[in-house]
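Here the protein sequences come in this chain order: A and B.
Take 21 as the starting number for the first sequence in this note's numbering and just add one per residue.
Take 21 as the starting number for the second sequence in this note's numbering and just add one per residue.
One thing to keep in mind: the hints can contain errors.
Just so you know, same-sequence chains aren't split out, so a pair can sit in one copy or run between any two.
Unchecked claim - Simulated crosslink set (SDA-like; lysine to any residue; CA at most 25 Å straight-line):
1) Lys311 - Arg340
2) Lys140 - Ala331
3) Lys461 - Val181
4) Lys311 - Gly435
Note that these hints are calculated values from the structure, not bench results.
As the structure is a computational prediction, the values presented were derived from the model and not from experiment.
There are 2 protein chains.
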Amino acid sequence: MPIPVEAFFLTPGFRGTLQQEIQRQVADGVLRGRLRPGERMPSSRMLARHLGVSRITVTLAYTELVSGDYLYSRGRSGYFISQTAPLPAVVAPAATEARDAVDWDRRTGRRYSRHELPIKPRDWHGYPYPFIYGQADAALFDHQNWRQCAIRALGKRDFEVLTDDFYEYDDPMLIEYIARNILPRRGISARPEEILLTLGSQNALWLTAQILLVGQGRRAVVENPCYSGLRVILNQMGVVAETVDVDEGGLPPEAVPEGADLVFTTASHHCPTNATMPVDRREALLRRAEKEDFLIFEDDYEFEMSFLRSAVPSLKSLDREGRVIYAGSFSKSLFPGLRLGYLVGSARFIAEARALRAAMFRHPPGHIQRTVAYFLSQGHYDALISRLNRAYSRRRAVTEEAIVAHGLEVAGRGGFGGSSFWMRAPEGVDSAELALDLRQKGVLIEPGKVFFDPASAPSNFYRLAYSSIAQSRIPDGIALIAAAIAERGPRRPS
Amino acid sequence: MPIPVEAFFLTPGFRGTLQQEIQRQVADGVLRGRLRPGERMPSSRMLARHLGVSRITVTLAYTELVSGDYLYSRGRSGYFISQTAPLPAVVAPAATEARDAVDWDRRTGRRYSRHELPIKPRDWHGYPYPFIYGQADAALFDHQNWRQCAIRALGKRDFEVLTDDFYEYDDPMLIEYIARNILPRRGISARPEEILLTLGSQNALWLTAQILLVGQGRRAVVENPCYSGLRVILNQMGVVAETVDVDEGGLPPEAVPEGADLVFTTASHHCPTNATMPVDRREALLRRAEKEDFLIFEDDYEFEMSFLRSAVPSLKSLDREGRVIYAGSFSKSLFPGLRLGYLVGSARFIAEARALRAAMFRHPPGHIQRTVAYFLSQGHYDALISRLNRAYSRRRAVTEEAIVAHGLEVAGRGGFGGSSFWMRAPEGVDSAELALDLRQKGVLIEPGKVFFDPASAPSNFYRLAYSSIAQSRIPDGIALIAAAIAERGPRRPS
Chain A
21 MPIPVEAFFL
31 TPGFRGTLQQ
41 EIQRQVADGV
51 LRGRLRPGER
61 MPSSRMLARH
71 LGVSRITVTL
81 AYTELVSGDY
91 LYSRGRSGYF
101 ISQTAPLPAV
111 VAPAATEARD
121 AVDWDRRTGR
131 RYSRHELPIK
141 PRDWHGYPYP
151 FIYGQADAAL
161 FDHQNWRQCA
171 IRALGKRDFE
181 VLTDDFYEYD
191 DPMLIEYIAR
201 NILPRRGISA
211 RPEEILLTLG
221 SQNALWLTAQ
231 ILLVGQGRRA
241 VVENPCYSGL
251 RVILNQMGVV
261 AETVDVDEGG
271 LPPEAVPEGA
281 DLVFTTASHH
291 CPTNATMPVD
301 RREALLRRAE
311 KEDFLIFEDD
321 YEFEMSFLRS
331 AVPSLKSLDR
341 EGRVIYAGSF
351 SKSLFPGLRL
361 GYLVGSARFI
371 AEARALRAAM
381 FRHPPGHIQR
391 TVAYFLSQGH
401 YDALISRLNR
411 AYSRRRAVTE
421 EAIVAHGLEV
431 AGRGGFGGSS
441 FWMRAPEGVD
451 SAELALDLRQ
461 KGVLIEPGKV
471 FFDPASAPSN
481 FYRLAYSSIA
491 QSRIPDGIAL
501 IAAAIAERGP
511 RRPS
Chain B
21 MPIPVEAFFL
31 TPGFRGTLQQ
41 EIQRQVADGV
51 LRGRLRPGER
61 MPSSRMLARH
71 LGVSRITVTL
81 AYTELVSGDY
91 LYSRGRSGYF
101 ISQTAPLPAV
111 VAPAATEARD
121 AVDWDRRTGR
131 RYSRHELPIK
141 PRDWHGYPYP
151 FIYGQADAAL
161 FDHQNWRQCA
171 IRALGKRDFE
181 VLTDDFYEYD
191 DPMLIEYIAR
201 NILPRRGISA
211 RPEEILLTLG
221 SQNALWLTAQ
231 ILLVGQGRRA
241 VVENPCYSGL
251 RVILNQMGVV
261 AETVDVDEGG
271 LPPEAVPEGA
281 DLVFTTASHH
291 CPTNATMPVD
301 RREALLRRAE
311 KEDFLIFEDD
321 YEFEMSFLRS
331 AVPSLKSLDR
341 EGRVIYAGSF
351 SKSLFPGLRL
361 GYLVGSARFI
371 AEARALRAAM
381 FRHPPGHIQR
391 TVAYFLSQGH
401 YDALISRLNR
411 AYSRRRAVTE
421 EAIVAHGLEV
431 AGRGGFGGSS
441 FWMRAPEGVD
451 SAELALDLRQ
461 KGVLIEPGKV
471 FFDPASAPSN
481 FYRLAYSSIA
491 QSRIPDGIAL
501 IAAAIAERGP
511 RRPS
């Protein structure tokens, strides 16, 4: 028995996006018991027509509701209220009926929530062809040794120390390992007071922006395209960043506008195009920084995955004046749910970051820090990196072969390795629509628009990662992508 | 062979505090190999005279250096360079010699680091009489079941999910447990979209302040005294908070100045005085909030420890208009190194907090969330709370008896239980000096000045916690405190 479309309506004067309003209606119906497990939702086409919104909006809302376990999808039969949907909490009637008398828009300015993060399916494990970036393929991870290190850190001796509040400090064991064994691989020597642990590189970017870009007239420069999480941070802060188009050598130093305070770069592995900045450009960028007194944030997020060519020395290793703030992360080399990275810079800068971090959340949880310290110091980390690199190298070759066979166009392949190709669909193909279409066929790709300066963002780029998809699935997945593109637009001229 | 005092000097034009400069000199000497393991440091008295600084400054610096394992203390023989002191990292000479050409003070405004957090000894486990607040007594913790839950969350099935980046979401299992089992104990009913996990209540305070106090002329009101970590957040943001003196009923609602935007309160267990706000005051505060359109942040940090009297219903449970933002924490009931708490508020507010959290660090690490979810849902949490409450109840009785026997003065005892007494030393006794003195005797107390509005902060208060000290040590510890006070000042009139 399908739920009638009339059960849904756009609340007059609703706040937020249309998609959010649809999600809210469904979630609210479930939580209040109006919509019951097993009932069928109207088709996205019907609901879209009824509400007078685009079908994509409804489809996106349904997909998010599946992620939240309010709905499940039964192939062609459509969407149903989930049997395991969140149930209403124990309800004190007074509180549930509490009206919300606060003008939250005025109070908050929607400073943070209006800058939406890209939507990614949380249930990507369930898709047969997940070309999804930055998520971990569990099959490659050294689960057994990780578990053994975690259990060791749970042992009585460590545990008594790790349960403490460390205030603003980090686990000295982990800091020492990073200083002695990780940073030297990037040509960096740093003392403990020049290193701070962060909750992933997102957190490193955030801390740096708060320290260096708060205040009148601070000028930030970002690459175009660039990591979308950086753009969200700057938008939330109200910082208008100037953008510099990258080419096959990454950021061209001469294109950095004058008067910059802080330049963000992914010099070694440009995100998302995979370009590597040549050493002469690095030198030129540093010389400009010295001459014009600006600072550089180097996000070295994927240096471990340089399996085709040795990684070029980091910008930080060439820095003679303490101008480079360097960020590394364990998200790609271990897994992103770990939320652990590190920030390296002048002791004075790190002291600021440490004080800000202490006020924000003190420190990353102790047990996580010590587990990583063991995993690194027992050599499991290096073994894992080798295994990842061997696997990525094979997957990359298979992906590239299929790309060529199907005539897809690579826009940025990167000479070092990495975990993705940056792709260009023919003009006129909107990769966001392409991605939605492919999702129905079990294929996940990442639309590229979100990486670009919104003022001039092309719609036909997408990212194709091979870190999360099993090697054997790659050729069929690429074939499906090629077919979906062929259905939509003209083939590119060949 | 002692190191000559001449090895130390105040670098002309050094930045930061005297204490920091001394610490930096010693750490630098160790890291550059000038000071070697086993060498004896000059006595604090000698170094203080040589540098022309107060002896307390040197003592504080030495104590911090012990915490950082640069020094160790050998009783009356003094301080020595630690055998296990941090060693210089693998050094690339160019980088080490890099001059720091950046004017960091101008760049950062020292916006964050100039607001120092209170100094607490990280090595408190080594002291015989640690009356130290908010740290976990490992002897009371259910280590075995915690470990078992953590190992379960490390199992293949969970692990594959928990290694993902959750973007802005939380573990639904933990959210559901909090909604169904924790919040109802405080009279609160909340749906999942009204709850956000935070990295401890420090993080909850921080997020709330960023959302509601950024912008021109936002007026914050804090209790006096109040949690010092809150004052650090407001100072860093440049928010000048108005303070309201608390009495034995906590915050008097009529004393809240007009025009407030956000009032921070620890209504149920005032920090640090332990006062509980009576229900009529709660109603009056809420009525004023409704009438004058302000919001309330309720930090309900220790409600689990109400072993003498049932906890009074939270302010949030009486909130008819969505004006109360509520924060709870597992730092006291599990352990602070976990870094986990939760924020409850209107869905619109939580959406802001979620978006800000996503840009800051995404989410608390997945493994931590799931481990807590298991620990809660298997009933270990409730068992632990009972055990903690029984132990704290006994320790409290022993502490109170010793306090009476030695004629110490309790300034705030709280009727509910909790984990500390708020103490007043006689006029003229500086509790910061008292604490340093006592530390030499193996006793740790917490000076109270940091809790007060700096404009009018008395120096003679201190906090005496019984959560971290073994019951059998309490009487001797109190005796040592009484003796140290007697040495310093006049006995209070009796």
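Hints that the structure is at odds with (numbers, increasing): Going through the list in order, the structure violates hints 2, 4 and respects the others.
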